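*Asks:* Protein chains in written order, with my numbering: chain B, 7 to 225; chain E, 2 to 98.
If you are wondering where the hints come from, they were derived from the structure by calculation, not from laboratory data.
Predicted model only: the values in this text are computed from it and were never measured.
Just so it is clear, CB atoms sit at the ideal spot from N, CA and C, and this is done for glycine as well.
Among the hints, erroneous ones may be present.
To give an idea of the chain B side of the interface with chain E (calculated C-beta under 8 Å), a few residues [to be verified]: (1) ASN21; (2) ASP27; (3) GLY30; (4) ASN65; (5) PRO66; (6) THR87; (7) LYS114.
The calculated DSSO-like cross-link candidates involving lysine-lysine, where the alpha carbons are at most 27 Å apart (straight line), are [unchecked claim]: (8) LYS58(E) / LYS202(B); (9) LYS44(B) / LYS58(E); (10) LYS158(B) / LYS114(B); (11) LYS124(B) / LYS114(B).
Sample of chain E residues with no beta-carbon within 12 Å of chain B, all distances over it, derived [what the hints assert, rightly or not]: (12) ARG3; (13) ALA7; (14) THR57; (15) CYS63; (16) VAL68; (17) ALA78; (18) ILE90; (19) PRO91.
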Amino acid sequence: MPRPPQDTTAWVANNIAQTTDVTGTTVTSPFTFRVERKDRPPFEVLVLSYPQVTDAVLNPLLAAAPPVSFVVNVPKDSVWTQSGIAAAHHCQCAFGGIAELMSAIYNKLDDVSAFVKKENAFVERGLLQHDCVSSFDQEFDRAYMVHRLGMKSLRVVLLNEYELTAEHVRAARTRYGPFDIVLMTNPNGTPTKDAKEAAKGLQIAILPWRQFLGRLGTP
Amino acid sequence: MRNDPAYHDIVDAIDTSNLSVAWYGFGSFFTGSDSFSDIDLLAVCSTVEETSDLRTKMAPLCSEWPVHLLIMTESEAVETNFIKSQLCIPLIAVHDE
């Protein structure tokens with residue numbers, strides 16, 4: 007049986023209360039808690055626990071909650087869909103998992119809603135600055151369709167694993183559907199031999215950042 | 002860590018996974034940090050087929066807690082030396098089936 011939402015919210019609030027620069031947390035509803043920080047304004051967090059975050063999941067919760075700055079989805083094995091991301095942006099909320107919420111706190115932002123995950127910001131800046139890229143769509147938090155000038159569009163999945171295993175590749179294929187490239191966003195990440203084999207079988211290229219930039223310019 | 006409700010759910014989920022899998026914990030949750038962003042679990046499977054089934058079997062646990070589930074075959078575990086390099090803690094013995 008799933009855990010009651012108030013238990014999940016209390017668990018996350020208790021964990022965040024132990025974070026550096028946090029002076030305390032207060033649960034304000036079954037889905038929300040407030041974070042008090044040293045020398046920075048407090049902010050409100052909405053807590054979800056869904057395998058897939060869509061606008062249909064998010065909008066009713068956002069409508070019922072007090073104004074929040076951050077939406078945190080607890081499961082690590084989850085995806086934010088395009089509509090879920092748009093719903094968060096529409097309400098001017100930052101979003102992510104517990105790791106992203108902690109990063110937002112460590113970044114000491116006055117306005118936590120301005121937080122953007124570094125991994126995505128880095129990739130998106132690289133795409134915007136690439137001569138061969140005309141535009142891109144963020145289809146999921148970790149999946150992009152990259153449109154290229156005069157060349158076939160490429161579907162790209164970002165994986166940040168230190169040890170990229172065959173199971174990671176297959177799980178990404180199941181989660182996101184067919185795609186062309188695994189972009190390894192961990193600069194120290196390495197695919198295992200089995201991961202390379204699995205990717206080859208699925209006709210997926212595993213590329214680090216520099217090779218990925220080169221691939222974008224190749225038909 | 003052992004007092005955390007997540008730990009009890011992990012032990013229960015591992016115990017009922019019914020696969021010949023070697024389970025390990027690593028990272029801040031298992032080293033007793035007060036604050037952690039995820040709960041790192043490593044599952045080492047003897048076959049490729051088991052790696053495919055395991056994520057599905059563990060979905061109920063992974064939908065409740067911020068579990069970072071790393072699934073490897075035995076050959077990948079040897080290739081990466083992950084268990085030693087990450088100071089992984091054995092969680093439960095391999096099931097005998």
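*Asks:* Hint by hint, say whether it matches the structure.
*Replies:* Hints and how they fare:
no.	hint	verdict
1	ASN21	holds, 6 Å
2	ASP27	violated, 11 Å
3	GLY30	violated, 13 Å
4	ASN65	violated, 21 Å
5	PRO66	violated, 19 Å
6	THR87	violated, 16 Å
7	LYS114	violated, 16 Å
8	LYS58(E) / LYS202(B)	holds, 25 Å
9	LYS44(B) / LYS58(E)	violated, 42 Å
10	LYS158(B) / LYS114(B)	violated, 41 Å
11	LYS124(B) / LYS114(B)	holds, 14 Å
12	ARG3	holds, 15 Å
13	ALA7	violated, 8 Å
14	THR57	violated, 9 Å
15	CYS63	violated, 4 Å
16	VAL68	violated, 6 Å
17	ALA78	violated, 9 Å
18	ILE90	holds, 17 Å
19	PRO91	holds, 18 Å
In the structure shown, a violation is registered for the earlier hints numbered 2, 3, 4, 5, 6, 7, 9, 10, 13, 14, 15, 16, 17, in ascending order.
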